[in-house]
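*Asks:* Whole structure, please, built from the sequences with the hints as guidance.
The primary structure of each chain is shown beneath.
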Amino acid sequence: MIRSIKFWVGLSILGVFIFSSFGFALFYDSDVRQVQLLYDDNKNLIGGAPFEPSFMFPLGTDPLGYDISQKVLQGAKFTLIAVIAIGVFRVLFSFIVAIPFAFYLPEKIRKGLDQLLSSFYFIPLTIIAVFILSPILSEQLNAEGDEFFLYSFTERIGLEVIILTVLVVPLLGSMIGNMMAAVLKEEFIEGAKLLGASRWRIFTKHVIPHMLPKLVIVWCQQCVQVLIIFTHLGYFKLFFGGTDIDFNPIMADPPKSLSNEWSGLVGDYYIQIHANPYIALGPIIMFGIAIYAFQLIGEGFQHHLQTRHYKTMKHDSMSGKQKLVSETRLSFDFVHKRSA
Amino acid sequence: MKIIKKLFMQLFLTIISIVLISGLPDLIMNKNVSMYFQKIKVVLLDVIHLNEMTYMNQGKQRLFLEDIWSPYLYSLIILFGALFIAFCMAQLLTWCTLIMPMFIRRTVKNILTFLESLPDLLVFALVQMGIVLIFKKTGILVSNVASLGAEDRIYMMPIVCLMILPFVYFYKMMILLSEEELGKSYVEMSLAKGMRRIYVLIVHVTRNTSEGIFHFSKSVLWFMISNLLLVEVIFNIHGITHYMYSDFRPEMLAACLILLVIPFFLLYAVFEWTIVRFSKRGELV
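As they're listed, the protein sequences go chains A and B. Counted from 1, the first sequence has number 189 at position 189 by this note's numbering; the numbering is strictly sequential. Counted from 1, the second sequence has number 160 at position 160 by this note's numbering; the numbering is strictly sequential.
It should be emphasised that the hints constitute simulated quantities derived from the structure, not laboratory data. All of these numbers come straight from a predicted model, not from anything done at the bench. A virtual CB, placed ideally from N, CA and C, is assigned to each residue, including glycine. One should not assume that every hint holds.
[Unchecked claim] Capping the alpha-carbon separation at 30 Å, the derived lysine-lysine pairs in DSSO-like fashion look like this:
#1 Lys218/B <-> Lys6/B
#2 Lys218/B <-> Lys184/B
#3 Lys108/A <-> Lys2/B
#4 Lys6/B <-> Lys108/A
#5 Lys6/B <-> Lys111/A
#6 Lys193/A <-> Lys111/A
#7 Lys2/B <-> Lys111/A
#8 Lys108/A <-> Lys205/A
#9 Lys5/B <-> Lys108/A
#10 Lys218/B <-> Lys185/A
#11 Lys172/B <-> Lys214/A
#12 Lys31/B <-> Lys41/B
#13 Lys108/A <-> Lys185/A
#14 Lys108/A <-> Lys193/A
#15 Lys172/B <-> Lys109/B
#16 Lys205/A <-> Lys185/A
#17 Lys41/B <-> Lys6/B
#18 Lys218/B <-> Lys109/B
#19 Lys111/A <-> Lys172/B
#20 Lys5/B <-> Lys41/B
#21 Lys184/B <-> Lys111/A
#22 Lys193/A <-> Lys205/A
#23 Lys214/A <-> Lys109/B
#24 Lys41/B <-> Lys60/B
#25 Lys2/B <-> Lys185/A
#26 Lys172/B <-> Lys218/B
#27 Lys5/B <-> Lys111/A
#28 Lys111/A <-> Lys218/B
#29 Lys218/B <-> Lys108/A
#30 Lys193/A <-> Lys214/A
#31 Lys184/B <-> Lys172/B
#32 Lys2/B <-> Lys218/B
#33 Lys185/A <-> Lys184/B
#34 Lys6/B <-> Lys185/A
#35 Lys218/B <-> Lys214/A
#36 Lys214/A <-> Lys184/B
[To be verified] Heads up, incomplete: computed chain B residues facing chain A, CB under 10 Å, no partners named:
#37 Leu11
#38 Thr14
#39 Ser22
#40 Leu118
*Replies:* This is the structure in structure tokens:
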């Protein structure tokens, strides 16, 4: 059982977002409320869209009167599930790539390969993602004046997930590979080898249990990174699942997101930053909350890993580290540890 | 000699991977693999003959290298400035924080966790709004919130925007690494010998954490180059990524990325070399 409060707070924030979003779709059919003019009890006009944040509209409304909080609620499931899925894929593929990297390559080649792969540190992900994804996600105009996408809806989502995954696999793979190689150098692996364990057994019985908790933390970091990339892509009007662009030469509508997912909302509303700042900030703040939630999960889990075998803690005033004092008696334990 | 060979290998691989990646949009657009290789060949030729590469500017063919120098330097000043200021501020504040009592340190760390999770777009938006707000309240324009064109250069806003998050990342990482270092026995030893705490912190702990920070700074830089594109588009700054974004051809992407990468590559090579020498010397003594 994980005792860290941070972990549960983070997990419940994400859970509330996703489940309430599904609930909204299930019970209200994701019907976003639109209020363009507001009257008081005596039928006097007291305001028109866009409204500022209030009790009635927690995040305000956009200029067309759509309630932003409900739009955010509707889009939460797409964005968060996509982020979680991309995070899982990234870690999973990198882990698979890392296995031969750690097990079969000799030390020297691995070090060299590691050096070479570090060249990927200089290729910024957002720029590449913007360039590669824009032909996929933006609606195009053909010679007859029809709007069309190059790929179907599922293909677009699939390609976006694949591209956002594959671009980090070299870096993440070498990182996980090094972690795995460090585990393989431990003494108990040597012991297991001497006792005749096969590679498969070492992998399943020793490496996987040691790697899994670390992978959870890596997963949290990756999810944060994906969320940040989503905000960037949103700013560049590349929305998850496709951008609906109006090619009407006279009074064209601004690019629209197809599903109200969050990066779409960021891209739609950022332009209003100076006129109605609260409209622009709402969706970005939601991204911030989601990032914070993932970070809380990661930190809480790490704390849990460090303290899971111990009951009480003392603070070391010098290093600020929590000194762990074991109270659990093992079945076999020296009484006078000092003399040993 | 060995190091130089390794570096050239790395630089070569970086350039190759940039070229390979920059062809990808074409592959996706045409769904045709042979077109992709043709495109890569074109890009490669353009990159090799960089001094003959041309681009369209206001309907005219112009030489790429002639026009790119000044925006390129401008972008580099912004990037280096932000990185340098973020690093120095983080280092100073780390020293200040680590001589504080425990409860302050813990609060600082919690605040940093919160600040770390701010999306960069939110930071840019808040800075923009803050400047407008100050102007409205006091009538003092701290800095222009947007550049008006290619000739108009603003430095303060983009540097401030770019440095805030790297500063937070550096600060947190430095505190974590230094605290780990402070728990080691040589610190206890030097304190027992009567050295001042601040002396141990600045001279020994900082030197020993520098390698970790150096490796960490690579991922910070990675993040900053991405942010540079965003900052240049938001503030309408005509830097190198602006050319890249407005042109949108694979050749342009490859050429700009390579130009952007080379100075940092050299900088890191120099740093790595000094750090290796530095730590080796320490071991020998």
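*Asks:* Work down the list of hints and note, for each, if the structure agrees.
*Replies:* Evaluated hints:
| no. | hint | result |
| --- | --- | --- |
| 1 | Lys218/B <-> Lys6/B | holds (18 Å) |
| 2 | Lys218/B <-> Lys184/B | holds (26 Å) |
| 3 | Lys108/A <-> Lys2/B | holds (15 Å) |
| 4 | Lys6/B <-> Lys108/A | holds (14 Å) |
| 5 | Lys6/B <-> Lys111/A | holds (12 Å) |
| 6 | Lys193/A <-> Lys111/A | holds (23 Å) |
| 7 | Lys2/B <-> Lys111/A | holds (14 Å) |
| 8 | Lys108/A <-> Lys205/A | holds (26 Å) |
| 9 | Lys5/B <-> Lys108/A | holds (16 Å) |
| 10 | Lys218/B <-> Lys185/A | holds (26 Å) |
| 11 | Lys172/B <-> Lys214/A | holds (20 Å) |
| 12 | Lys31/B <-> Lys41/B | holds (17 Å) |
| 13 | Lys108/A <-> Lys185/A | holds (15 Å) |
| 14 | Lys108/A <-> Lys193/A | holds (21 Å) |
| 15 | Lys172/B <-> Lys109/B | holds (7 Å) |
| 16 | Lys205/A <-> Lys185/A | holds (15 Å) |
| 17 | Lys41/B <-> Lys6/B | holds (26 Å) |
| 18 | Lys218/B <-> Lys109/B | holds (22 Å) |
| 19 | Lys111/A <-> Lys172/B | holds (28 Å) |
| 20 | Lys5/B <-> Lys41/B | holds (26 Å) |
| 21 | Lys184/B <-> Lys111/A | holds (28 Å) |
| 22 | Lys193/A <-> Lys205/A | holds (12 Å) |
| 23 | Lys214/A <-> Lys109/B | holds (22 Å) |
| 24 | Lys41/B <-> Lys60/B | holds (25 Å) |
| 25 | Lys2/B <-> Lys185/A | holds (27 Å) |
| 26 | Lys172/B <-> Lys218/B | holds (15 Å) |
| 27 | Lys5/B <-> Lys111/A | holds (15 Å) |
| 28 | Lys111/A <-> Lys218/B | holds (18 Å) |
| 29 | Lys218/B <-> Lys108/A | holds (23 Å) |
| 30 | Lys193/A <-> Lys214/A | holds (23 Å) |
| 31 | Lys184/B <-> Lys172/B | holds (19 Å) |
| 32 | Lys2/B <-> Lys218/B | holds (22 Å) |
| 33 | Lys185/A <-> Lys184/B | holds (23 Å) |
| 34 | Lys6/B <-> Lys185/A | holds (26 Å) |
| 35 | Lys218/B <-> Lys214/A | holds (21 Å) |
| 36 | Lys214/A <-> Lys184/B | holds (24 Å) |
| 37 | Leu11 | holds (8 Å) |
| 38 | Thr14 | holds (4 Å) |
| 39 | Ser22 | holds (7 Å) |
| 40 | Leu118 | holds (6 Å) |
In this structure, every one of the numbered hints holds.
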